[in-house]
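Chemist: Sequence:
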Amino acid sequence: MAKIPEAEPLVGQWRSRLDPGAADGVPAHVTILYPFLDHDRLDEVVLSRLSTLIATYPAFNVRFSGCGRFPGVLYLAPSPSRPFQELTEAVAGQWPETQPYGGRFAEIIPHLTVADQQEPQLLDHVETELTTKLPLAAQIREIHLLVSDGSRWREDRAFELQRLN
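Counted from 1, the sequence shown has number 30 at position 30 by our numbering; the numbering is strictly sequential.
Because the hints were derived from the structure by calculation, they are not lab data. Note that the Cβ used here is the ideal one computed from N, Cα and C, for glycine as well. Just so you know, not all the hints are guaranteed correct.
Stated by the list, open to error - Distance ranges between label pairs, derived from CB positions:
| hint | residue 1 | residue 2 | range |
| --- | --- | --- | --- |
| 1 | Arg-82 | Asp-40 | 15 to 21 Å |
| 2 | Arg-157 | Glu-129 | 33 to 39 Å |
| 3 | Arg-163 | Glu-107 | 28 to 34 Å |
| 4 | Leu-134 | Gly-102 | 29 to 35 Å |
| 5 | Gln-162 | Glu-129 | 32 to 38 Å |
| 6 | Asp-40 | Pro-135 | 39 to 45 Å |
| 7 | Trp-95 | Ala-158 | 14 to 20 Å |
| 8 | Leu-122 | Gln-94 | 35 to 41 Å |
| 9 | Gly-21 | Trp-95 | 33 to 39 Å |
| 10 | Phe-105 | Ala-23 | 21 to 27 Å |
| 11 | Ala-158 | Phe-70 | 24 to 30 Å |
| 12 | Pro-9 | Val-46 | 30 to 36 Å |
| 13 | Ser-79 | Arg-154 | 26 to 32 Å |
Kindly generate the complete structure, drawing on both the sequences and the hints.
Modeler: What follows is the structure in structure tokens.
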């Protein structure tokens with residue numbers, strides 16, 4: 001995942017109340033690939049391959065200028081979204097058994113979830129509040145691997161992208 005710490009002041013209060021992932025230890029982020037390999041498969045060979053792969057992609061700047069929706073979900077939409085899609089495609093290409101979201105969706109839509117499993121009226125309210133405080137800019141310099149112990153997520157390690165010039 002690409003952590004977006006710049007988003008925490010804007011979305012942290014909403015995520016803590018309206019996104020179950022936040023309560024499980026997941027910071028504001030744009031997912032690269034979920035689910036990934038089980039923790040017991042993350043040996044040094046896999047981690048080295050992942051590090052090498054991610055290092056071939058340049059760091060990039062991103063802006064969040066508006067919101068988007070999935071059923072029951074409100075998210076911030078990154079622009080450009082293509083670098084996130086390319087990273088997702090590359091990692092899933094290396095480990096084809098790890099299709100984005102288990103293959104449930106035909107299209108990869110990068111997003112930063114603000115609220116999940118919520119009613120449309122509440123999402124309308126949150127979106128109105130957020131849009132008055134956008135745009136938000138961030139730099140993506142590394143990709144973070146999170147692992148779960150079954151109840152909480154924690155960062156296992158970070159993989160650097162190529163540095164911006």
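Chemist: Each hint should be assessed against the structure and marked as holding or not.
Modeler: Status of the hints after comparison with the structure:
no., hint, in the structure
1, Arg-82 to Asp-40: 15 to 21 Å, "33 Å, violated"
2, Arg-157 to Glu-129: 33 to 39 Å, "35 Å, holds"
3, Arg-163 to Glu-107: 28 to 34 Å, "30 Å, holds"
4, Leu-134 to Gly-102: 29 to 35 Å, "31 Å, holds"
5, Gln-162 to Glu-129: 32 to 38 Å, "36 Å, holds"
6, Asp-40 to Pro-135: 39 to 45 Å, "41 Å, holds"
7, Trp-95 to Ala-158: 14 to 20 Å, "19 Å, holds"
8, Leu-122 to Gln-94: 35 to 41 Å, "39 Å, holds"
9, Gly-21 to Trp-95: 33 to 39 Å, "22 Å, violated"
10, Phe-105 to Ala-23: 21 to 27 Å, "24 Å, holds"
11, Ala-158 to Phe-70: 24 to 30 Å, "27 Å, holds"
12, Pro-9 to Val-46: 30 to 36 Å, "35 Å, holds"
13, Ser-79 to Arg-154: 26 to 32 Å, "30 Å, holds"
When each numbered hint is compared with the structure, violations occur for hints 1, 9.
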